[in-house]
Amino acid sequence: MRHLSLRILSILLTLTIVSFIVFILQANALGDSASYILSEEAGGAAADAYRASISSDGPVMVRYIEFLLSFISGKWGNTVSGQSIREIIGYRYGVTISLSVLSVLSAIAISIPVSLISVRTGTIADKAASSFSVLFLSIPSFLTAFFLILVFSMILGLFPPAGYIQPSVSLTGWARSVFLPSFSLSLLHAALITRIFRKALRENMLKPYSVSLAAAGASEAQVLMKGALKPSLPVLYTLIASSLASSLAGSAVTESVFALPGIGSLLVTAALSRDAVLSGTIVMLTALSVSVIYAVLEVVLLIIDPRSRRES
Amino acid sequence: MHIFAVLIAMLLLLPSCGGRAASDSFNIALSQEPPVLDVMLNSSISGKMIAVGNVYEKLLVLDAEGMIRPELAESYTLSEDRKELSFVLRDDVIFHNGDILSASDAASSMNRWLDAVPAALIASGGAYFTVSDERTIAIRSDSDLSFLPIMMASSPQSAVIMPKECIDKAMEVGLITEYIGTGPYEFGEWRSGEYIELKAFDGYKSYSSDSSGIWGRKDCSAKTLRYYFVPDETTRVAGLEGGIYDAIDCVPSDDVERIEKEGFKVLQGGENGSIVLVFNKKEGKAADKLFRQAVSLIADRDTLMRSCYGDYGFSLHSDYMEAEQRLWAVDSAEDPYGKMDAEKGMALLSGSSYDGTAVEILTSNLTNLDRIAVALASCLERAGVDADVRVLDWASFLEKRKDPSSWDIYVSAMSKVPVPQLKTYLSPSFPGWFDDPELSENLRNLSSGTVEAAAEEWKDLQKELWEYVPVMVPGHYSTIFAVSPEHEGVIIDDGFYFWNME
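In order, the protein sequence lines correspond to chains A and B. So for the first sequence, our numbering puts the first residue at 81; every next one is plus one. So for the second sequence, our numbering puts the first residue at 37; every next one is plus one.
The shape of chain A in the complex, shown without the other chains:
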């Protein structure tokens, strides 16, 4: 119970610090929202009415506290373009979450079999898996995205190159619209998971419990599955959690290439339009999501790994 309380306290502290930094940076950035929204030549009472509507008088600290209170009460207000922040985020966060979850599921589906098959060093599978990891960890994500568009959309014509279809409109259309972007993201995650998970498997295959199994006559596959796999799972779960967290927080480039209305591109727009409230809200939600993911990870690790329980 004490551990849980401390964890919640640390999440709240993280949210406050992160949102404070973003809010202060946005509030003190050069330029203002009016220069983004209004034409350079706009003036007079009409422009004054707009400036008054977004006016942010008062000390930054007071405005930040007002923002925090509004965030907690769920009254998030409007963007500097006059649209409801709650509606926009509700819609766009759904896109990012579906993209992130699908990309991580795809990454799991790719990386676990690849890691298990290629665990023995010096084999063709090992070299292929190593090449796969190095390739997709070093290629920028937008290049992977363009390559997939070229192959799957332009040459094979199997998936649409851009756009998003809501699942409520067409479930199959939605699946097709998010396949390429999530696959594009998943290759990066899969490369990372494969690289580190394989290393963990190899290390655990050399541990005494695995050696004992081998000495008792177990085959290499049995040693891998019965000896090395379970102690490697904490590493795997941590990698999955960090992949999910990084997808939620930073898929703006992929969203831009595939013209997806996600939260990453919205954060870029919020920063360019000096929309401190929108930026702060997005950052709060993202930080909250990431914190929850890592909290869940901790709980899972406590359940599956006795060492974690002892340490905690």
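Calculated from the structure, these hints are not laboratory results. Among the clues, some could well be false.
Where chain A lies over chain B, by a calculated footprint (3+ residues, C-beta under 8 Å) [stated by the list, open to error]: (1) 168-177; (2) 271-277; (3) 351-363; (4) 429-436.
Partial list, derived from the structure: chain A residues whose beta carbon lies under 7 Å from chain B [to be verified]: (5) 162; (6) 164; (7) 337; (8) 341.
Note that beta-carbon positions come from the ideal geometry of N, C-alpha and C, so glycine has one too.
Position chain B relative to chain A; hints supplied.
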């Protein structure tokens, strides 16, 4: 692994969502999402392409020949002394909310526009529109109103007509948030970051059986227009080729020839505006006219424009006004500093007060303007002049350029304006600080007579400005559009319009 393979196979077997759109829906991919659809306050090209002409209409518009034609007005009259302008409204115009267009709607809309466009308020002599009767509005002023009609027809901040309630609400909340107009399409839905949908308005009546450019007959052959926002140019082109989109804007130069060979129609819009290199005339190196003339000769205009646009989407002439504005055209061959001559430029530079320190070039990363700044720095460095480039985002750029101590030249884009008096860089208070009293006086005098007389005077003034070099205009930009082969009749103006498509 097997499950993964089965999932992919299932996805492939699903009915395609990538085929050409149904005939009653037309999908357009735009490179930019408009920040707002309040086109009186915001002059973004994407906002105008979506809202002006489709959702909103104006009292007056320019036709394909650049002539002023009535749209929501049945007629308009300028009094003999040119101090009273009156508009008789058409009596068959219905707003998308079902209300009939009234004189009070028109007057409220026009007065908000006058407020939002300081140059228009100057042109009206500070006067506002009043309601004369239920179908007539008028403006009476102590000043000459000759310029007001052309400004109403083609100002970048559009003089559109909407219900008075929308105007009143905007004065409370700051922006127009209900998009109710009189055009052939009514506003449907705005999915942030994804698309804006317009739907054909059943109550729309075309005001003419003829059409010329964006003026005249408007038949909604497509029942739905969906403007998707696709910032990446490669994805836009792939979407056109893959059948997701029927039309796209901002086609990259590298793809023009290829998609033309594939049968897509590639169309170049009119000049949307000009690239301007604004000199700091308040302090520093560029306060010396010889320095400005030298830079104008050293910079290779073709290199500057190609660095940003590639092989297509620009034209090289140093007129401040755009080529389609024939009334204001001046032969740019008469610009004494309009053609690259690095040797002469260096001679001028050596006779100037230039102290040999680095030229500070300021720009924004908006629409690749930074590439032009880098190309300019490269031209200067090739001639032996040191240059530093500072690239900021748009909001920071606008703020930074107010500080005369932080730059010598800034690179920006200037939207097309209907009359030269609206060129902001010719204002003494605008960053760049145009400081010649005689030329300023001549510019002010343009507004004292008819538009035709002003155009004649402009020809001399343009030559004087070329000599004075307050800015350097390396060229003018236009948008390259591409449309799928099965669609005919797309109207190309400053944007692309689809109401009379076959």
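Hint check results:
Residues of the segment 168-177 of chain B lying with their CB closer than 8 Å to a CB of chain A number 0, which falls below the three-residue condition for coverage. Counting residues of the segment 271-277 of chain B whose CB lies closer than 8 Å to any CB of chain A gives 5, so the stated coverage by that chain holds, three being the minimum. Given a C-beta distance limit of less than 8 Å, the hint that chain A covers the segment 351-363 of chain B is violated, as 0 residues qualify and 3 are needed. Taking a C-beta to C-beta cut-off of 8 Å, the segment 429-436 of chain B contributes 8 residues in contact with chain A, enough for the three needed, and the coverage statement holds.
The beta carbon of residue 162 of chain A comes within 5 Å of a beta carbon in chain B, closer than 7 Å, and the hint placing it at the interface holds. For residue 164 of chain A, the interface hint is violated, since its Cβ never comes within 7 Å of a Cβ in chain B; the closest pair sits about 10 Å apart. Interface restraint check for residue 337 of chain A: the shortest CB-CB distance to chain B comes to about 5 Å, inside 7 Å, so the restraint holds. Residue-level restraint check for residue 341 of chain A holds (minimum Cβ-Cβ distance to chain B is 3 Å; threshold 7 Å).
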